[in-house]
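Q: Its first residue numbered 0, the sequence shown is counted upward by one per residue in numbering that gives the first Met the number 0.
The set of hints was computed from the structure by calculation and includes no laboratory data.
In this text, a Cβ means the ideal position worked out from N, Cα and C, and glycines have one as well.
Treat each hint with caution, since some may be false.
To be verified - Just the calculated beta-carbon pair ranges, DEER-fashion:
# : residue 1 : residue 2 : range
1 : 72        : 42        : 36 to 44 Å
2 : 107       : 194       : 43 to 51 Å
3 : 117       : 22        : 21 to 29 Å
Unchecked claim - Pairs of lysine-lysine residues, derived as DSS-like cross-links and limited to a Cα-Cα distance of at most 25 Å, are as follows:
#  : residue 1 : residue 2
4  : 177       : 144
5  : 184       : 146
6  : 166       : 144
7  : 177       : 146
8  : 144       : 184
9  : 80        : 42
10 : 184       : 166
11 : 184       : 147
12 : 147       : 177
13 : 80        : 147
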Amino acid sequence: MNVFQRNSVVVPLAPEIIWFSPSHAFLQHPNDMLYAVNRASAKNGPGLIAHYQGDELEGNSVSKIWVSVWRSLDHHRDIMKHEAYTDLVLPMLEAMDGSTQPAQVLINSLTDFEQALSSPITQFIYITLRPLHDRGFELAPLIEKLKKEMRCLSGCLSSCWGPSVEKDTLEIGIIGWKSVQDRNKALHGPLQSMLSDIRQISAIHIRDAVLTCTF
């Protein structure tokens, strides 16, 4: 299911992914922070489809994550010009301790993306192409091979990929898993050699979270 068309041309979603360290205020009053973000979200019109918030899964990490699902990049950029957008950003910034670097990605399927975010485990794979390598000729075929393999894994509920808006060397994958066990079995099994091939030309960074739709 593609979410938006303009003159019969599919316009991709433009979700924004923000990992952050929580502020003291957020840790003390998380529900108040979420309420403020949701209230401001309602003022931003149809361009903002949903908000997801969650915790990083691994180890002793205290990192949190926001995922703001924008209907398109144009919708997001248009809304950024209005006062209502400031009302949205301020409570999000108040929830963060220190600076952060958002990553915005272009995704074609709302159905696959929502399923990935709603899965018991949501995995974010950041693949950054190294210098002197070609994205279209070298990386794209490896990503397609990885996507095809993931569709055959019983523990993989959804897999969607897209290019970063900010960095032309970055590809981002969002994968939904049934369980940590299914994820680990895949990463140390059928996906291991594929990821190893991708690492020959790219740097790979993987983070996992448990998400809740808050808006």
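Q: When you check the alpha-carbon spacing of residue 147 and residue 177, does it fall within 25 Å?
A: 18 Å, holds
Q: Does residue 144 sit within 25 Å of residue 177, going by the straight-line distance between their CA atoms?
A: Answer holds: residue 177 to residue 144 is near 21 Å, not above 25 Å.
Q: Check whether the Cα positions of residue 184 and residue 146 lie no farther apart than 25 Å.
A: 16 Å, holds
Q: So if I understand the rule, the pair passes when the alpha-carbon distance is 25 Å or less; does residue 80 with residue 42 pass?
A: Distance of about 13 Å is within 25 Å: holds.
Q: Mind checking the alpha carbons of residue 184 and residue 147 for me, to see if they're no more than 25 Å apart?
A: Roughly 17 Å separates the two Cα atoms, so the pair holds.
Q: Could you grab the alpha-carbon distance between residue 144 and residue 184 and see if it respects the 25 Å cut-off?
A: Given that 25 Å is the threshold and the Cα spacing comes to 18 Å, the pair holds.
Q: Can you confirm whether the C-alpha distance between residue 177 and residue 146 stays at or below 25 Å?
A: Given that 25 Å is the threshold and the Cα spacing comes to 17 Å, the pair holds.
Q: If you check the beta carbons of residue 117 and residue 22, does the distance land in 21 to 29 Å?
A: 27 Å, holds
Q: Keeping to a limit of 25 Å between CA atoms, is the pair of residue 166 and residue 144 held or broken?
A: 22 Å, holds
Q: Are residue 107 and residue 194 spaced within 43 to 51 Å by their CB atoms?
A: Violated - the Cβ-Cβ distance for residue 107 and residue 194, about 23 Å, lies outside 43 to 51 Å.
Q: Verify the CB-CB distance for residue 72 and residue 42 against the hinted window 36 to 44 Å.
A: At 20 Å between Cβs, range violated.
Q: Residue 184 and residue 166: Cα distance at most 25 Å?
A: 31 Å, violated
Checked against the numbered hints above, the structure breaks hints 1, 2, 10, 13 and satisfies the rest.
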